[in-house]
Structures are given as C-alpha cells and as structure tokens.
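Engineer: Sequence:
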Amino acid sequence: MDKQTYLNRFSRAAYWQLGRLEAAEVVADYAELLEQRPPERDNTLVQDLGKPKAAVRLLTEQKSYRRWLWAFGIMGCCLLLLEALVLGAQYVYNQHLLADYGPFAVGMIVALVRFRPQFHSPKAPLPRGLLWALAGVLTCCTAAGVMLASLFNGAWDWPLESYGPTARLVLCVSSTVATAAGMFGAVRARVADRRWAALYVLGLTTAMISLQIMTALMGLSATDTHWLQQEGVRWAVLGGIGLVGTGVVLC
1 MDKQTYLNRF SRAAYWQLGR LEAAEVVADY AELLEQRPPE RDNTLVQDLG
51 KPKAAVRLLT EQKSYRRWLW AFGIMGCCLL LLEALVLGAQ YVYNQHLLAD
101 YGPFAVGMIV ALVRFRPQFH SPKAPLPRGL LWALAGVLTC CTAAGVMLAS
151 LFNGAWDWPL ESYGPTARLV LCVSSTVATA AGMFGAVRAR VADRRWAALY
201 VLGLTTAMIS LQIMTALMGL SATDTHWLQQ EGVRWAVLGG IGLVGTGVVL
251 C
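For the sequence shown, my numbering assigns the number 1 to the initial residue and increments by one for each residue that follows.
Simulated from the structure, these hints should not be mistaken for laboratory data. Since the structure is predicted, the reported quantities are computational estimates derived from the model, not experimental observations. Treat the hints with care, since some could be wrong.
Said to hold, decoys possible - Here are the simulated SDA-like pairs of lysine to any residue, each with C-alpha atoms no more than 20 Å apart in a straight line: (1) Lys3 to Lys53; (2) Lys51 to Arg41; (3) Lys3 to Gln47; (4) Lys3 to Leu45; (5) Lys53 to Ala28; (6) Lys51 to Ala31; (7) Lys53 to Asn43; (8) Lys53 to Tyr6; (9) Lys51 to Thr5; (10) Lys63 to Leu45; (11) Lys51 to Arg67; (12) Lys123 to Ile74; (13) Lys123 to Ala24; (14) Lys53 to Trp16; (15) Lys123 to Ser150; (16) Lys53 to Ser11; (17) Lys51 to Arg37; (18) Lys123 to Gly19; (19) Lys3 to Pro39; (20) Lys53 to Glu22; (21) Lys63 to Val113; (22) Lys3 to Lys51; (23) Lys53 to Val187; (24) Lys3 to Gln36; (25) Lys3 to Val27; (26) Lys53 to Gly19; (27) Lys3 to Glu25; (28) Lys53 to Asp2; (29) Lys3 to Ala28.
Please model the complete structure; the sequences and the hints are all you need to start from.
Structural biologist: Printed below as a string of structure tokens:
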C-alpha cells in the first residue's frame, strides 16, 4: 500500500469516526508524517502505523462516536420507515399517529439537535452543491404537486382507472428521491459540513407529506372535496415545519 492510498483510506475513516473538524487536524498530521517517510519504506506502512481504520480507532473517543452512530441510526431509521410506509401504502393505508408522525418528529428533533447552529463559530459560505441539492428536491416536490393537482382537476383525458396508479407512482418517485437525498445529506453533514443536514430535514418532510397524501388517497373518504381541503391545510403545516427546520439547520 502506497502513501496516497493509505492516506485516502485513513481520511475516509477519520472523517466518519471523528467528524469534520477533528478529522481535518488528524489527517493533516498524518499527511505530514507520511511525507517524512522515505519511499523505500512504503511497503511497511501497515506494519508501522497499523491499518487505516485501526489507526483511526485508536484516536477516536468511543463514547462520542457511539453517540453519533446512535443519532445516525435513528435518523436513518425514521426516514427509511416513512419511505417504506409510502411504498407499502397500498397494503396498509390506515393512519396511525405513532407510525408516521412519530418517525417524522423523532428524525426532525435528532437532526436539529445533532446539527444545531453554531452561533459562536465564524460564518462560513454554504458548502458547494448544497443549494443545488435542495433546489433539486424542491423541484421534484413541485413537479409531483403539479401533476397531482392536474390529476385531481381532470386536466388529462385519461381513463379513470389510471388516475390512482399514476398518483401512487408520482408519490413513490418523489418520496424515494427525497429519501435518497436525505440519507446523502445526513452522511455529508458528518463528514463535510453540518449544514448538509438541511437536505435530510427536507427529505424527511417530503417523505412525510408523500405518506400523508398517499394515505388520504387510499382512504374511502378521499372523494370528499371538503375533506381533501382540510387535509391540504395539514399538509401545508407539515411543509411549513419542514421548511423552518431546513432554515434552522442552514443558519
């Protein structure tokens, strides 16, 4: 294993286990150490310094790392549970508060606590690509909303039996895109910049609203226009909560 390969593997493990700030210092120290080693000793890197992951483990404060793993696990489970409920809504469509609002609330709280604003730190520019990622998720949500509204209003001359499957497909696609973006944001928030957690919050909100719409459409009372208007208010409130949470993380 040459120096660059060792440093790359060490860097990946360090940023995941130590977090961005501490890992940056450790990786810089190891880069300097490797630079001072003569090239003829490259074949003894692992014997001298240990495997990259093992070397990082020796530098890791295990209690802090376990807290991060718990937080990441909870965030991931909450988001993936909502996604699973969206994909399986055709089989189980009865609303259960703990089954959908529970994961939404827990995931949101853990993300906001874990990646809360650091007002004492100097304000840095937003990480590159974050705004584009947020815009992509919002564009996907907007496109899904426009298509669902068109279905409700009968804008297309389609067979009536195709409306339900089309609406379900739209919701599943938007939720899946948001879930993938949310998990990516959670990882980037750890290894790059905490503000990437805004992408997780937005993805969580999108999955939650998709589930609520899917549940409403699967219910027998979804043909009641007045009832749908009331549900629309609730969806708007959920969206507002998600946007506020996204803004808080971006601070």
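Engineer: Confirm or reject each hint.
Structural biologist: Hint check results:
1. Lys3 to Lys53: holds, 15 Å
2. Lys51 to Arg41: holds, 15 Å
3. Lys3 to Gln47: holds, 13 Å
4. Lys3 to Leu45: holds, 8 Å
5. Lys53 to Ala28: holds, 16 Å
6. Lys51 to Ala31: Given that 20 Å is the threshold and the Cα spacing comes to 15 Å, the pair holds.
7. Lys53 to Asn43: holds, 18 Å
8. Lys53 to Tyr6: Satisfied, since the Cα-Cα distance of roughly 10 Å is no more than 20 Å.
9. Lys51 to Thr5: holds, 11 Å
10. Lys63 to Leu45: violated, 29 Å
11. Lys51 to Arg67: Violated - the C-alpha atoms of Arg67 and Lys51 are around 24 Å apart, more than 20 Å.
12. Lys123 to Ile74: violated, 28 Å
13. Lys123 to Ala24: holds, 18 Å
14. Lys53 to Trp16: Roughly 10 Å between the alpha carbons, so the hint for Lys53 and Trp16 holds.
15. Lys123 to Ser150: violated, 43 Å
16. Lys53 to Ser11: At roughly 9 Å apart (the allowed maximum being 20 Å), Ser11 and Lys53 satisfy the hint.
17. Lys51 to Arg37: holds, 16 Å
18. Lys123 to Gly19: holds, 18 Å
19. Lys3 to Pro39: Cα-Cα ~9 Å, so holds.
20. Lys53 to Glu22: holds, 16 Å
21. Lys63 to Val113: Judged against 20 Å, a Cα distance of about 17 Å means the pair holds.
22. Lys3 to Lys51: holds, 12 Å
23. Lys53 to Val187: holds, 18 Å
24. Lys3 to Gln36: Given pair Lys3, Gln36 holds - Cα atoms ~11 Å apart, limit 20 Å.
25. Lys3 to Val27: holds, 13 Å
26. Lys53 to Gly19: holds, 14 Å
27. Lys3 to Glu25: holds, 18 Å
28. Lys53 to Asp2: holds, 16 Å
29. Lys3 to Ala28: holds, 13 Å
Hints 10, 11, 12 and 15 from the earlier list are contradicted by this structure; the remaining hints agree with it.
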